[in-house]
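Student: Here is what each chain is made of, one letter per residue.
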Amino acid sequence: GAVVSQHPSWVICKSGTSVKIECRSLDFQATTMFWYRQFPKQSLMLMATSNEGSKATYEQGVEKDKFLINHASLTLSTLTVTSAHPEDSSFYICSASPAGNYGYTFGSGTRLTVV
Amino acid sequence: EDQVTQSPEALRLQEGESSSLNCSYTVSGLRGLFWYRQDPGKGPEFLFTLYSAGEEKEKERLKATLTKKESFLHITAPKPEDSATYLCAVQAGSGGYQKVTFGTGTKLQVIP
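Chains A and B supply the protein sequences, listed in that same order.
My numbering numbers the first residue of the first sequence as 231 and each following residue consecutively.
My numbering numbers the first residue of the second sequence as 50 and each following residue consecutively.
One chain only, chain A, in its complex shape:
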């Protein structure tokens, strides 16, 4: 149980375009999902906390208008990287936790390359 699916696994886009990444909890409902970013040889950095039916909470230094988060249902959160630039190239990972369980399940990640 507690499976999180993330799509796409990798994407290459041109500079200036927008990319949407989906995160789905397959066998549980997640009122809260988390979005992380990971640079090579570095740890996961929390970008934002996605709350179902309300606005996301962004960490300090993360641009809200650039990284749009939508959590429209209890099983789906999306991260849209708007007007992507090469410096946005990174590994983006989402996670969620079933209610009452402190163990967090992660998606398989999305490798974004902006050219």
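Think of the hints as simulated: they come from the structure by calculation, not from any bench.
Note that the structure is a prediction, hence the values are computed from the model and not measured.
Just to be clear, a hint being listed does not mean it is correct.
Below, in silico cross-link-like pairs of lysine-lysine (DSSO-like), each with a Cα-Cα straight-line distance of 30 Å or less [unchecked claim]: (1) B:Lys128 to B:Lys148; (2) B:Lys106 to A:Lys296; (3) A:Lys250 to B:Lys148.
Examples of chain A residues lying across from chain B (beta carbon under 7 Å, computed) [unchecked claim]: (4) Phe269; (5) Gly337; (6) Ser338; (7) Gly339; (8) Thr343.
With beta-carbon atoms standing in for the labels, derived distance ranges [stated by the list, open to error]: (9) B:Glu58 to A:Thr261: 31 to 37 Å; (10) A:Ser313 to B:Thr116: 45 to 51 Å; (11) A:Phe269 to B:Ser56: 19 to 25 Å; (12) B:Pro129 to A:Asn281: 40 to 46 Å; (13) A:Glu252 to B:Glu107: 31 to 37 Å; (14) A:Cys243 to B:Glu66: 40 to 46 Å; (15) A:Gln259 to B:Arg61: 16 to 22 Å; (16) B:Arg80 to A:Glu252: 26 to 32 Å; (17) A:Ser303 to B:Arg61: 43 to 49 Å.
C-beta atoms are modelled at their ideal positions from N, C-alpha and C, and glycine is treated no differently.
Please arrange chain B on chain A, whose structure you already have, making use of the hints.
Tutor: Just chain B now, with coordinates in the frame of chain A:
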């Protein structure tokens, strides 16, 4: 500010050579400490959650322990398939706001 420090950064072991990975933390209001395994290009895979000092959990060749300041991940008689980056994370905070902070990981290589 919550801090999580893992050591060593990298560890190279011979197959069967047991060792331990360390995770030191400084947080306010610890709710849980997590260990994950991450293979290259993939998301972290959950291993353990520890909630209070003195707690221990085991899974195959792995055993995680927790004190008030640090956690250890003991690897007994490792095999090459145990090669991965092991991440430690802590969940801390109170009320409606709780945050998970990750360490930078220990990259383990087990040589046949």
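Student: Hint A:Thr343 vs chain B: min CB-CB distance below 7 Å?
Tutor: It is violated, given that the least Cβ distance between A:Thr343 and chain B is near 13 Å, above 7 Å.
Student: Against chain B, run the beta carbon of A:Phe269 and see if the smallest gap drops under 7 Å.
Tutor: Because about 11 Å separates A:Phe269 from the closest Cβ in chain B, which is outside the 7 Å limit, the hint is violated.
Student: When you take the CB atoms of A:Ser303 and B:Arg61, is the distance between them in 43 to 49 Å?
Tutor: 45 Å, holds
Student: Classify the hint on A:Gly337 as holds or violated, based on whether any CB of chain B lies nearer than 7 Å to its CB.
Tutor: 5 Å, holds
Student: Holds or violated: 40 to 46 Å for the Cβ distance of A:Cys243 and B:Glu66?
Tutor: 44 Å, holds
Student: At a threshold of 7 Å, is the proposed contact between A:Ser338 and chain B supported by beta-carbon distances?
Tutor: 5 Å, holds
Student: Per the hint of 31 to 37 Å, is the separation of the Cβ atoms of B:Glu58 and A:Thr261 within bounds?
Tutor: This hint holds: roughly 36 Å between Cβ atoms.
Student: Hey, does the A:Gly339 contact hint survive, CB to chain B under 7 Å?
Tutor: Holds, because the Cβ-Cβ distance from A:Gly339 to chain B comes to roughly 4 Å (cut-off 7 Å).
Student: Would you say the C-beta atoms of A:Ser313 and B:Thr116 sit inside 45 to 51 Å of each other?
Tutor: 47 Å, holds
Student: Between B:Lys106 and A:Lys296, is the straight-line Cα distance small enough, at 30 Å or below?
Tutor: 41 Å, violated
Student: Can you let me know if the beta-carbon spacing of B:Pro129 and A:Asn281 is within 40 to 46 Å?
Tutor: Holds, at about 42 Å.
Student: Using the C-beta atoms of A:Phe269 and B:Ser56, is the stated range 19 to 25 Å upheld?
Tutor: 20 Å, holds
When each numbered hint is compared with the structure, violations occur for hints 1, 2, 4, 8 and 15.
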